[in-house]
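Residue numbers (this note's numbering), protein chains in the order written: chain A, 1 to 323; chain B, 1 to 163.
A couple of the hints might just be wrong.
Stated by the list, open to error - Here's a subset of chain A near chain B, in silico, CB distances under 8 Å, partners left out: (1) Gly28; (2) Val29; (3) Thr33; (4) Ser40; (5) Ser42; (6) Tyr43; (7) Thr44; (8) Asn55; (9) Ile59; (10) Asp62; (11) Leu64; (12) Asn94; (13) Thr188; (14) Gly195; (15) Asp198; (16) Thr315.
Claimed, not checked - Stretch-level coverage of chain B by chain A, calculated; a stretch enters the list once three of its residues show a Cβ under 8 Å from a Cβ in chain A: (17) 58-72; (18) 80-88.
Treat the hints as calculated values from the structure; they're not laboratory data. Beta carbons: idealized from backbone N, C-alpha and C, even for Gly.
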Amino acid sequence: MKYAHKLIAASTLAITASAFATPALAGGVDAGTLIENTASASYTVGGVGGSVDSNTVEILVDELLDVAVATLDGGPVSAPGSAVLTFSVTNTGNGPEAFTLTADPAIAGNDYDVTVDNIAIDTNGNGVYDEGVDTILAAGGATPLIDPDEEQIVFVIVTNPAGVGDGDNSQVELLAESVTGTGAPGTTFDGQGEGGGDAVVGTTGADDEALGDLIAAAIAVELAKAAMVADPFGGTEAVPGAVITYSITASISGSGSINDLLISDAIPVGTTYSAGTLTLDGAPLSDEADTDNGQASTAGAEVLIGDASAGSAYTITFAVTID
Amino acid sequence: MKNNAFNRALGIASAVIGLALAPTAMAQDLISLTGDVMVVKTVTDDDGITREELVGPDTVVPGDRLVFTTGYSNDGVEAVENFVVTNPIPKAVKLADESGSFMVSVDNGQTYVALAALPTVTVDNGEDGVRSARAEDATHIRWTIARITPGSNGKLTYSAIVR
Chain A
1 MKYAHKLIAA
11 STLAITASAF
21 ATPALAGGVD
31 AGTLIENTAS
41 ASYTVGGVGG
51 SVDSNTVEIL
61 VDELLDVAVA
71 TLDGGPVSAP
81 GSAVLTFSVT
91 NTGNGPEAFT
101 LTADPAIAGN
111 DYDVTVDNIA
121 IDTNGNGVYD
131 EGVDTILAAG
141 GATPLIDPDE
151 EQIVFVIVTN
161 PAGVGDGDNS
171 QVELLAESVT
181 GTGAPGTTFD
191 GQGEGGGDAV
201 VGTTGADDEA
211 LGDLIAAAIA
221 VELAKAAMVA
231 DPFGGTEAVP
241 GAVITYSITA
251 SISGSGSIND
261 LLISDAIPVG
271 TTYSAGTLTL
281 DGAPLSDEAD
291 TDNGQASTAG
301 AEVLIGDASA
311 GSAYTITFAV
321 TID
Chain B
1 MKNNAFNRAL
11 GIASAVIGLA
21 LAPTAMAQDL
31 ISLTGDVMVV
41 KTVTDDDGIT
51 REELVGPDTV
61 VPGDRLVFTT
71 GYSNDGVEAV
81 ENFVVTNPIP
91 KAVKLADESG
101 SFMVSVDNGQ
111 TYVALAALPT
121 VTVDNGEDGV
131 RSARAEDATH
141 IRWTIARITP
151 GSNGKLTYSA
161 IVR
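The following block holds chain B by itself, in its conformation from the complex (with noise of 0.2 Å):
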């Protein structure tokens, strides 16, 4: 009996809940947002020269850098604005110290600063102490786009190296 008044409940919620985002999915169908993983490997060739290729994802181990690709499409007929993408870091694999489009966040994304940036704000992390941040700090990136205009598309990619 209890059991029963329980789930009409939560059918009610649901029910809410749906309605509540039913224009939001609507638009979610018309803008997506695709994620791929690669690892960067060195290969050496016959000639004993070595380069750097991207492979899946077959082996990885600690020290491997990864590349993280978000891919993003707008095929709707409106312009898409504000657009706001935000990757947590999993906690796994360390943000590459290099250059990118993207603001990053020591804090869990609570505030994002450019990544040149970082060396003005201070972490505690507990094993070093106080310090001024570094790439490896970093727990969310976020890309920013005013505006993706109809049938537009892009990539968006990080690197990072597991721990």
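Isolated chain A, as found in the complex (with noise of 0.2 Å):
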């Protein structure tokens, strides 16, 4: 019994503690929350003790509408096709709030546009947006409550327009504005306070935007074919006999990467394929189809890359005779 009584004494101080550690918000007290203040007084009267309090004034805390949005890309987006756009929306008032988020593609000064498709809440809270699974917002949607102080992650998911050119810049900016308003610092909406008290427009407006920075990433691939003859007498003339040696460069411009890169050429008519001569940036590969990631017959021969980086080139040689 002596022990519990311990154990509640021990409690109730770690609680005193921690209440009084709980660092102030940034929106201030809570909205809702009521201010009362009494004073008392001792005093003596001729020789006798009295004392006296005051009425209790009350009074009631007002909801500050007040919103921050930053985006939560390191650096600008790439964009290959479509890309996803990080956001989080801050509850900088304090009252529990929820604001209408609206994506606006039509940036000026950028390269081009691109089309949003969607804007999503991070419903699993995971920061990184889950199809299917991360909820949708409707055209002109708002984010659920956010509480004082809490910030919610948006995603923003847009499309390249065709023909975008590598490298070129876009931007999306996404606005949050409170749901139970927007306006100049001090306009006041009555009564639709959390609490019971008003809502009143704090120094942000009520409403808040940020920028989130697109790149477009084109990638491109450009095959250059080369062929150097050796004749049997030594020379470079293409008579029959002479061995053609063809050389053919698969070079990867722009950003970004691309898969199952293959390159193939055909045995030109009227020459035959020399068995042994096929070689990938300089390393003979064997002409069966087999382990290694090259093949050639008299049909023709191929070489499978798989997946390349742009800034990257690769060269196969194969040769043939001149029947």
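With the hints as a guide, bring both chains together as one complex.
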């Protein structure tokens, strides 16, 4: 029994300490808080002590409407086709509030404008857009209620238009507006505050916006083919018996990467493939379709490169003999 | 049965308290404390000149300055002496950093110092650790009036900012 008492005393102390340590909220005391002030006096009259209390004055703290929007992307998001921009919407007011979201892709000075497909709420709170999991907002939709000082992560899903040049820049502006209302600081919405008071527009105007940056990632593959003839007499004449060595270079330019890159060439009519001459970047490949990624025969030569990133180049060579 | 016994015991207790308070109650009627609060609002007139106005607390948001007033009045025929008015500061506001004719406490009313002497006092508010006390740390304020002559009255005010 005694032990139990001690435990209770200890936990009470802990609560007191933590209540004291609670940092002041950015948006101030919660809307709906009642401030009560009472004074009391003690005195003596003719040597007799007395005391008196004042009436208690009460003030209800009204709701301040404030919001901050920020991009959470570390830099421009590369947009090959489509892209996801990540923003935070923080309630800097002092009451739970929802915010209407609007994404504007038409920003002056940008190289091109994207199409905004959707705005989504990070429903599972993992900071990453999960298609089919994170809730898509209806047009003109709003966030769920966000508590004071809490943030909601929001995604804007966009698609690049066709014909965008590699490295072109674009931006999307996300605007969040308090559902209760916006306006000049000090604008009051009677009785619409949390906790029964009014709602008052704060210094942010109860709306805020932030830009998310996009950079277009276009990728292109260019093939260059060269031929070198060596005749049996030490010259470069294309005569029967001469060997032609073909060199095909695939250069990948732009940014991003491509998949399933296959370099292939047919053996020209009137020539015969010289067995064992296939190479990739100088390394010999076997003619058979086996574990290495090249094969060649009388029909033609082909080398599967697979994934290739921008800025890289691959050269295959093979030789034929003129019939 | 048990309830009845309890009620009776309570009744007796109340009666005793009533008797003890009786002389005080008489004095209380003659000495009154009246609390009031106003909000300081910055008003811009048609000429673009801003000035501060005291208005009723219709709309109050964090950051607003409140002026709490306690009026006192001695309506008796005898002088009131050692008149000490204590005002716990509501937790949702912080004492404005300005001079006043009062003493402040940062330890829930156990000790009082002049506002100007606050830097000599240390507080541990958890968040910043131990540091010199500031006006915002004040938990109570206190005014002391040595003597209030019969028929006289006055006002005690302090300003606080909604946290």
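Checked hints:
Look at Gly28 of chain A: its Cβ gets to within about 2 Å of chain B, closer than 8 Å, so that hint holds up. With 8 Å as the threshold, the beta carbon of Val29 of chain A comes within range of chain B, its nearest partner Cβ sitting at about 4 Å, so the hint holds. With its C-beta approaching chain B no nearer than about 5 Å, Thr33 of chain A sits inside the 8 Å limit, and its interface hint holds. Taking 8 Å as the C-beta contact cut-off toward chain B, the hint placing Ser40 of chain A at the interface holds, the least distance being around 6 Å.
At its closest, the beta carbon of Ser42 of chain A sits 5 Å from a beta carbon of chain B; the interface hint therefore holds under the 8 Å criterion. For Tyr43 of chain A, the interface hint holds, since its Cβ comes within 8 Å of a Cβ in chain B; the closest pair sits about 4 Å apart. Hint on Thr44 of chain A holds. Least Cβ distance to chain B is approximately 5 Å, under the 8 Å limit. Hint status for Asn55 of chain A relative to chain B: holds, with the closest Cβ pair at about 5 Å, below 8 Å.
With its C-beta approaching chain B no nearer than about 5 Å, Ile59 of chain A sits inside the 8 Å limit, and its interface hint holds. The interface hint given for Asp62 of chain A holds, since its Cβ lies 5 Å from the closest Cβ of chain B, which is under the 8 Å cut-off. For Leu64 of chain A, the interface hint holds, the least distance from its beta-carbon to any beta-carbon of chain B being 4 Å, beneath 8 Å. Interface hint status for Asn94 of chain A: upheld, as the beta-carbon distance to the closest one in chain B is roughly 6 Å, under 8 Å.
With its C-beta approaching chain B no nearer than about 6 Å, Thr188 of chain A sits inside the 8 Å limit, and its interface hint holds. The criterion of a C-beta within 8 Å of any C-beta in chain B is not met by Gly195 of chain A, whose closest approach is roughly 12 Å, and the hint is violated. Evaluation of the Asp198 of chain A hint against chain B yields a held restraint, the C-beta minimum of about 5 Å falling below 8 Å. Among the interface hints, the one on Thr315 of chain A is violated; its C-beta lies about 65 Å from the nearest C-beta in chain B, farther than the 8 Å criterion.
As drawn, the segment 58-72 of chain B meets chain A at 10 residues by the rule of a beta-carbon pair under 8 Å; at three or more, the given contact holds. Counting residues of the segment 80-88 of chain B whose CB falls under 8 Å from any CB of chain A gives 9; the rule of at least 3 is met.
Violated hints, listed in ascending order, are 14 and 16; each of the other numbered hints is respected by the structure.
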